[in-house]
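Protein chains in written order, with the working numbering: chain A, 1 to 172; chain B, 1 to 298.
Think of the hints as simulated: they come from the structure by calculation, not from any bench.
Hints should not be assumed to be uniformly reliable.
[Said to hold, decoys possible] List time: in silico BS3-like cross-link candidates among lysine-lysine, alpha-carbon distance up to 30 Å:
(1) A:LYS133 x B:LYS272
(2) B:LYS221 x B:LYS73
(3) B:LYS243 x B:LYS231
(4) B:LYS184 x B:LYS283
(5) B:LYS226 x A:LYS30
(6) A:LYS133 x B:LYS184
(7) B:LYS243 x B:LYS283
(8) B:LYS184 x A:LYS7
(9) B:LYS243 x A:LYS30
(10) B:LYS34 x B:LYS247
(11) B:LYS147 x A:LYS30
(12) B:LYS201 x B:LYS272
(13) B:LYS147 x B:LYS197
(14) A:LYS52 x B:LYS183
(15) A:LYS133 x B:LYS283
(16) B:LYS197 x A:LYS133
(17) B:LYS247 x B:LYS197
(18) A:LYS133 x B:LYS221
(19) B:LYS283 x A:LYS30
(20) B:LYS183 x B:LYS221
(21) A:LYS30 x B:LYS73
(22) B:LYS283 x B:LYS73
(23) A:LYS133 x B:LYS73
(24) B:LYS283 x B:LYS183
(25) B:LYS183 x B:LYS243
(26) B:LYS272 x A:LYS30
(27) A:LYS30 x B:LYS197
(28) B:LYS197 x B:LYS231
(29) B:LYS183 x B:LYS201
(30) B:LYS34 x A:LYS7
(31) A:LYS30 x B:LYS201
(32) B:LYS226 x A:LYS133
(33) A:LYS133 x B:LYS201
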Amino acid sequence: MSISYFKLIILTLIIVIIQVSVIRPLGLTKAYVFADLPMALLVALLFRVQEKEAVPTGWLIGLIKDLFTSTPFGLYTLGFCLIAILFINIRRVIYARAAVRLILGGLVAVLLVEYGILTFEIFRGHYSAAAFKNLATIILLSALITALIAPIFSLILGKFHKSLGLRSQIYK
Amino acid sequence: MAWMPKKLKFKRIVAYLPLITVFFLFLPLSVSAKARHLLSSFFAPLTSVLRDATLEVTQGTSDLTSSDVSAEKYRLLHEEYIRLNNQVANMQSQIDIQAEKINILSGLKQEFGIHKAKFAIADVIAADSDTKKQIYIINVGSDLGVKVGQLVLAGIAMHDSQLVFPNDAYKMSVVGQILEVGKKTSNFRLISDMDFKLPVKIFNNLNTDGIDGSLRGQGLKPMDVKMVSGKSEISPGDLVFVKPNIKTLPVKMLIGPLTSCQRDEDSPMMWKISVAAPMDLHKLRQVVIVMPTEYEQE
Numbered sequence: 001m002s003i004s005y006f007k008l009i010i011l012t013l014i015i016v017i018i019q020v021s022v023i024r025p026l027g028l029t030k031a032y033v034f035a036d037l038p039m040a041l042l043v044a045l046l047f048r049v050q051e052k053e054a055v056p057t058g059w060l061i062g063l064i065k066d067l068f069t070s071t072p073f074g075l076y077t078l079g080f081c082l083i084a085i086l087f088i089n090i091r092r093v094i095y096a097r098a099a100v101r102l103i104l105g106g107l108v109a110v111l112l113v114e115y116g117i118l119t120f121e122i123f124r125g126h127y128s129a130a131a132f133k134n135l136a137t138i139i140l141l142s143a144l145i146t147a148l149i150a151p152i153f154s155l156i157l158g159k160f161h162k163s164l165g166l167r168s169q170i171y172k
Numbered sequence: 001m002a003w004m005p006k007k008l009k010f011k012r013i014v015a016y017l018p019l020i021t022v023f024f025l026f027l028p029l030s031v032s033a034k035a036r037h038l039l040s041s042f043f044a045p046l047t048s049v050l051r052d053a054t055l056e057v058t059q060g061t062s063d064l065t066s067s068d069v070s071a072e073k074y075r076l077l078h079e080e081y082i083r084l085n086n087q088v089a090n091m092q093s094q095i096d097i098q099a100e101k102i103n104i105l106s107g108l109k110q111e112f113g114i115h116k117a118k119f120a121i122a123d124v125i126a127a128d129s130d131t132k133k134q135i136y137i138i139n140v141g142s143d144l145g146v147k148v149g150q151l152v153l154a155g156i157a158m159h160d161s162q163l164v165f166p167n168d169a170y171k172m173s174v175v176g177q178i179l180e181v182g183k184k185t186s187n188f189r190l191i192s193d194m195d196f197k198l199p200v201k202i203f204n205n206l207n208t209d210g211i212d213g214s215l216r217g218q219g220l221k222p223m224d225v226k227m228v229s230g231k232s233e234i235s236p237g238d239l240v241f242v243k244p245n246i247k248t249l250p251v252k253m254l255i256g257p258l259t260s261c262q263r264d265e266d267s268p269m270m271w272k273i274s275v276a277a278p279m280d281l282h283k284l285r286q287v288v289i290v291m292p293t294e295y296e297q298e
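Here chain B stands alone, though its shape is the one from the complex (with noise of 0.2 Å):
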């Protein structure tokens, strides 16, 4: 190769760029996530800060303020009013934990309580690039036990001085899962991301045991809870849960109200249904992964 000119030799490499990026392909995922976790953590300190500055620069703005309700008042009596539906929804779920522990004291079966979990508190400290995606990273990975397929949780609770768990986790709703970890970042996929799956549970007077679902991302539109049999009576405002599942939420947790649901044009025999998402998803600043303890000892 010493006998070509150096000109030549760039020229070729230049062109064969392309088919020595399509090997790329071929690469290992381990290999390019580390890669691109690496990068995460080197850059986190500048993401974080840039990403906490615009968010502080543009909330509080909404179409409903106006001269007798200013903007900064319409922000605390929204986060109170999410505060308040989120409070009495999960309050149901821990008054059903209770009933549980009449069982569990008379000896019957053993319970799996959300205090049988463990929770790391990350920052939310940039988006992913391709804008398809919702997908974010945060500064925790798996040097805290962080695992892919655990639940993210967002919600009141984090605007709190004083952070408490489990006490505190009543006020808080689930807003994506965890996708890729890495030693010290991780990436989780907000609830509506159009590739996001999770089954659920719809709640309301008529169904105490709950109607089996499963919810889906929309990006654009709100989420859907697809797969939930027409002849299941259900209304808007009943409540979405995360079904409870030992390895990701021991208890089933909030996800939001109904907004509306209506006979599914493609398949009569199914619902079509919308559910609204507990908070503004894009602009988290702090989120709770939940780590079940109970399915690591067995």
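Just chain A, with the same shape it has in the complex (with noise of 0.2 Å):
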């Protein structure tokens, strides 16, 4: 069983577009944090998916959130690519229940991707290094909601492997 592409950008675009239009407005705190919705699915998918599809779903759920962000084009395609490679290669090693396991790649995703895409960002000279403190926050709240809403999106994907292509249960 192999995964459809075609299925997974479909899925991605709706979780994309719910993302910008309806979490917005519910998020945390002043400056309304929110879960990195396509980086949940992401995590959730990167523990059903076999071997050789995972790099092409980073890539593809990557590139999708690129086309509605206003960081640097590339950035965010390039980092869940990276995530889809480590991920790949840690999934067997770590031994821990289902729900920890998605819920810790959850954590670890979003605080690597993020933290390095504004690295990238400081470097360039959009932040200040004064606003490190505020966004590191922002990304550590955004990543803590990240990792709870992965082990939902593992559960819904479960429901419709068959369809999308997908393990009925995550690798162990």
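Fit chain to chain and form the complex, with the hints in mind.
Put into structure tokens, the structure is as follows:
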């Protein structure tokens, strides 16, 4: 069974549209911090796709996210690809319950990608070093929310695994 | 390449995907912006409806509501409070303009008033998908004359059924600045975004000429005004206005009142000032873009 990339594109588009229209007004704190839904989807998928499907999956989700953000084009695509490579190599090494692995995965993935992009943007002169503390808090909060959403996405993907061409159980 | 088995070719392409992506980073900004705006305008009807529905559901809830004050009554009172606050501040600005008119009538100098700017009303259709950024997408673009750097206003006047410009402009405040322009959609950065900077002036009874400063967004915290000399006399409640600029906003316009001011610990010669946002910036439905026409003629 192999993943249906067409259905993956449709699913990612739906999730990104929900993110930019519905989720933002529901955000937390004064900065309306919200979950990174495409990242939660990627983490949930990376525990269900075959090894060779991981990088194209990360690439597609990252590309769609890049098209809906004003971050320099390609940063999220690259970040999501690298997360896919990392997760494929460590998913069989971590021994824990499925939910714990997904929560940890979501947390690590958001922190790595967002801090990577933030560092890139600081070097390009977008943000001042003084802004780093505030942004770091926003990223951490977003990572925590995303981590909690990843297991929910995994459950939903489990229900529709056949039509998406995924494994019914996550890799152990 | 024909001798290669199909599966191997796919595997190789997959292996090089991250490397291919690195080339994306060198794409000209105009190309990526064009793609983004095309997609935004394509999905605009859907995202706009979803956003409006979410705001409709979440509106009116407040911690200050009680058995005596319903959520709806609180919302109306709060709106009225903001309206009166903005009205007082901007009326003061209008008085200044009228005072300037006396000079013009006496032929001393040329006026540059708000009536010499065009306005474009826009719906906020979506937010940026990056949680760090406070950037929103609106449904007007270069075909209506929107340009990068123009200021974005919003306020209580947006709730009125018949909006008349420039007569209703005094009810509004500056909420952002245009960041990127497509043909039919544009992005604007909120004044509370971490990357937002704008020259401002602080006015009070002691300083009728205003004290210069630089407004910066703080994300999680209220906005602050930097570069204000410690020698200036300011106090909480003083008003922060955008510094008039021929290219962006020809008259001074309210941003918000000072909520706190204390000596900056990092540089004791300066003030550390916090400014309250004029409204809930993340729940904007409609905004107005100011397009000064005088500058175009030059």
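Hint-by-hint comparison with the structure:
With a C-alpha separation of about 17 Å, the suggested pairing of LYS133 (chain A) with LYS272 (chain B) holds against the 30 Å cut-off. Between LYS221 (chain B) and LYS73 (chain B) the CA atoms are separated by roughly 28 Å; this keeps the pair inside 30 Å, and the hint holds. Distance check on the hinted pair: LYS243 (chain B) and LYS231 (chain B) sit about 20 Å apart at the alpha-carbon level, within 30 Å; holds. For the hint pairing LYS184 (chain B) with LYS283 (chain B), the CA-to-CA distance comes to about 22 Å; that is within 30 Å, so the pair holds.
Straight-line distance between C-alpha atoms of LYS226 (chain B) and LYS30 (chain A) comes to about 20 Å, which keeps the hinted pair within the 30 Å bound. Using a Cα cut-off of 30 Å, the hinted pair LYS133 (chain A) and LYS184 (chain B) is violated, with the two alpha carbons roughly 36 Å apart. A threshold of 30 Å between alpha carbons decides the hint, and for LYS243 (chain B) with LYS283 (chain B) the separation of about 26 Å falls inside it, so the pair holds. Distance hint between LYS184 (chain B) and LYS7 (chain A) is fulfilled; the C-alpha atoms sit about 29 Å from each other, no more than 30 Å.
The straight-line distance between the Cα atoms of LYS243 (chain B) and LYS30 (chain A) is roughly 26 Å, inside the 30 Å bound, and the hint therefore holds. Distance hint between LYS34 (chain B) and LYS247 (chain B) is fulfilled; the C-alpha atoms sit about 24 Å from each other, no more than 30 Å. For the proposed pair LYS147 (chain B) and LYS30 (chain A), the alpha carbon gap of about 29 Å is at most 30 Å, so the pair holds. Restraint check for LYS201 (chain B) and LYS272 (chain B): the C-alpha separation of about 15 Å stays at or below 30 Å, so the hint holds.
With a CA separation close to 17 Å, the supplied pair LYS147 (chain B) and LYS197 (chain B) stays within the 30 Å bound. Taken as a hint, the LYS52 (chain A) and LYS183 (chain B) pair is broken in the structure, with Cα atoms around 39 Å apart against an allowance of 30 Å. For the proposed pair LYS133 (chain A) and LYS283 (chain B), the alpha carbon gap of about 25 Å is at most 30 Å, so the pair holds. Taking the CA atoms of LYS197 (chain B) and LYS133 (chain A), the gap is about 18 Å. The hint holds against a cut of 30 Å.
As the CA atoms of LYS247 (chain B) and LYS197 (chain B) are separated by approximately 16 Å, the hinted pair is consistent with the 30 Å bound. Simply put, LYS133 (chain A) and LYS221 (chain B) have alpha-carbon atoms about 11 Å apart, close enough for the 30 Å limit, and the pair holds. Of the supplied pair hints, the one linking LYS283 (chain B) and LYS30 (chain A) holds, its CA atoms being roughly 12 Å apart against a limit of 30 Å. This hinted pair does not check out: LYS183 (chain B) and LYS221 (chain B) have alpha carbons roughly 34 Å apart, beyond 30 Å.
Note on LYS30 (chain A) and LYS73 (chain B): the hinted pairing holds, with a Cα-Cα distance of about 23 Å set against a maximum of 30 Å. Our distance criterion of 30 Å between C-alpha atoms is met by LYS283 (chain B) and LYS73 (chain B), whose separation comes to about 19 Å. Distance restraint check for LYS133 (chain A) and LYS73 (chain B): the Cα-Cα separation of roughly 38 Å exceeds the 30 Å cut-off, and the hinted pair is therefore not satisfied. Between LYS283 (chain B) and LYS183 (chain B) the alpha-carbon distance is near 25 Å, which keeps this suggested pair within the 30 Å criterion.
Pair hint LYS183 (chain B) plus LYS243 (chain B) holds up; C-alpha atoms about 29 Å apart against a cutoff of 30 Å. Distance check on the hinted pair: LYS272 (chain B) and LYS30 (chain A) sit about 20 Å apart at the alpha-carbon level, within 30 Å; holds. Between the alpha carbons of LYS30 (chain A) and LYS197 (chain B) the distance comes to roughly 19 Å, so the proposed pair stays at or under 30 Å and holds. Distance check on the hinted pair: LYS197 (chain B) and LYS231 (chain B) sit about 23 Å apart at the alpha-carbon level, within 30 Å; holds.
Of the pairs offered as hints, the one joining LYS183 (chain B) and LYS201 (chain B) is violated, with about 33 Å between alpha carbons and a cut-off of 30 Å exceeded. Only pairs whose Cα atoms come within 30 Å are accepted, and LYS34 (chain B) paired with LYS7 (chain A) is accepted, the gap being roughly 25 Å. Annotation: proposed proximity of LYS30 (chain A) to LYS201 (chain B) holds, straight-line Cα distance about 24 Å (limit 30 Å). Of the pairs offered as hints, the one joining LYS226 (chain B) and LYS133 (chain A) holds, with about 17 Å between alpha carbons and a cut-off of 30 Å not exceeded.
Taking the CA atoms of LYS133 (chain A) and LYS201 (chain B), the gap is near 27 Å; set against the 30 Å cutoff, the hint holds.
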